[in-house]
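Chains A and B supply the protein sequences, listed in that same order. Going by the working numbering, 98 is the number at position 98 of the first sequence; the sequence numbering is gapless. Going by the working numbering, 151 is the number at position 151 of the second sequence; the sequence numbering is gapless.
These are computed hints drawn from the structure, not numbers from a lab. Hints are supplied without guarantee of correctness; some may be wrong.
To be verified - One side only, chain A facing chain B, incomplete, derived with CB under 10 Å:
hint, residue
1, I71
2, N80
3, R82
4, S89
5, N91
6, R105
7, H117
8, V127
9, K132
10, G157
11, A161
12, Y199
13, S223
14, E258
Think of the CB as a built atom: it goes at the ideal place given N, C-alpha and C, for glycine as much as any other residue.
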Amino acid sequence: MTEMEVWNNKRELGNLSEDERKIFDQLGLNESSRRKFLKGISATSLSVWAATYFPPEVFASAAAALPDNPIKLVNEVKVNLRINESVKSLNLDSRTTLLDALRERLALTGTKKGCDHGQCGACTVLVDGKRKLSCLTLAASCEGKEITTIEGLAENGELHAIQKAFLEHDGFQCGYCTPGQICSSVALLEEAKRGEASYVTDDLREITKDLTLSEEEIRERMSGNICRCGAYNNIVQAFKEVHSSDDEMPTWEFATPEQMENAKSS
Amino acid sequence: MRPFTYTGAKNKEQALQSYSPTSHYLGGGTNLLDLMKEDVERPDQLIEVASLDYKKIFQNDKGGLTIGGMLSNSETANHPEVRKNYPLLSMSMLSAATAQIRNMATNGGNLLQRTRCPYFFEASMPCNKREPGSGCGAIKGMNSLHAIFGYSDSCIAVHPSDMCVGLAALGATVEVQKPDGSTRIIAFDDFHRLPGSQPEKDTNLMPGELITAIHLERPEFSEHYYYLKIRERSSYAFALISVAAGLQLKGGEITKAGLAMGGVAHKPWKFKEVEKFLVGKKPDESIFEAAAELAMKDAKPFEGNTYKVEMGKKAIVRALSQAYARKS
């Protein structure tokens, strides 16, 4: 039985603890609606904590049913979207951005709408392996392209190395920019392997593959993802750890059970 | 966003035939879709052309390089031929926007970017470029980001592209397909225009013309190049002032110079007179300072952007010095 099936069994048999039931409720996996999750007072802290507790499939299946057909489509276009290795066929208003198709039609709400004007990077997804802004991409132009969102980065129940590093290094505070930061980081790993340059690269004429990026390079290349909380130091550290394969010292650590007890009793 | 019909053009012919004066070609969409969301652009049809097969980079018969109009900015800036022989173009392109936006933006679309003048973007404000005859909010308003060269009574907006400043310094031509299927070549300096009494027109493109290629001249500034971009934060912002500088040196003398400035006019501002002045001179700081004085002598700033004159001089000296200092 997979981890996911274990959880589903527990849920069906009503064997969830109070805390677990609440989380399933908030993820929209129990009776209560997805709206409740969206209105949840602390959705981010929930998902960050829950990520260490539940397998990624729990989040992937958190997509509550959305209406198949919106009330009215103007200038309808039919698009086959390849998202996270599955094909979705949608009839859309021609104005629909990739971001709105993901969030409002496919319930893939991991991709976030920040500014909706290409100024923040929260909506970053991978299109044919390249990082792009889903808020300024028309869904109609994505026919035949391979789209990867934050929901599609984990493989076989394992978080992507960048996702793990963000957890380890606390690469967020509120978490809203995080899916974009992570997708952007995943693409940057490949850009460095291909030897792509940036504005701060010393000599553009010197072309080598498998670059080891300096902190200055990482900051310049990640400048398309704005973090209002200013978690940049930890984001850079998380990226560096995966990029260089060297352990970076996290600036924090989980409390031990003993420390937790001491804190409670003090 | 207002409704529009969407046409995914399969080839050049279909794109040209689908065109009507109220439609718009769609490249990467990084500027156009934003403006449509703001209700500044209101096309009734979008013709997607970014998928068309104008994505190659190859040697042209003039000893230069031809760059496809639909290739993305990041693929262009990172192409080995461009990095090796036209690093000034790469550097200018890499200074622009972010990795995400450069992955989306096409080369043709980059040339057609609209100004980031805040009055142009805000539909409730007067702007002759957006709404001809409505007036210019910037002339007596907030004009710290505006032009100091070549403006008119009707518009003081600046062109936002970095790539175009690089192209102006290098020298290039733009190839466009006309609606009748024939081809037209436009010198880069004639591609963008000054506002005059028609600021609604950014370029000299005719309705329905489609950019398919940019032709670069024989490489001359591959060793001594620098693109200096000064902005309010160190990345992901438009230039207050930018300078593209290229030098060719022989026996301790400048044999050719390319110099253009961004953020100061309705088009990339090429300093032809200064380029000539530098030829035959020995490169040193005093010559660069003299070049900077000459470049900025006709600048006429507004209340909010007087800083651009002094900043422009310093930027020219710095860009030329950096270009010269590169090891050859």
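Structure-based check of each hint:
no., hint, in the structure
1, I71, "violated (15 Å)"
2, N80, "violated (13 Å)"
3, R82, "violated (16 Å)"
4, S89, "violated (16 Å)"
5, N91, "violated (13 Å)"
6, R105, "violated (16 Å)"
7, H117, "holds (5 Å)"
8, V127, "holds (8 Å)"
9, K132, "holds (5 Å)"
10, G157, "violated (29 Å)"
11, A161, "violated (20 Å)"
12, Y199, "holds (4 Å)"
13, S223, "holds (4 Å)"
14, E258, "violated (44 Å)"
Consistency with the previously given hints fails for numbers 1, 2, 3, 4, 5, 6, 10, 11, 14, ordered from lowest to highest.
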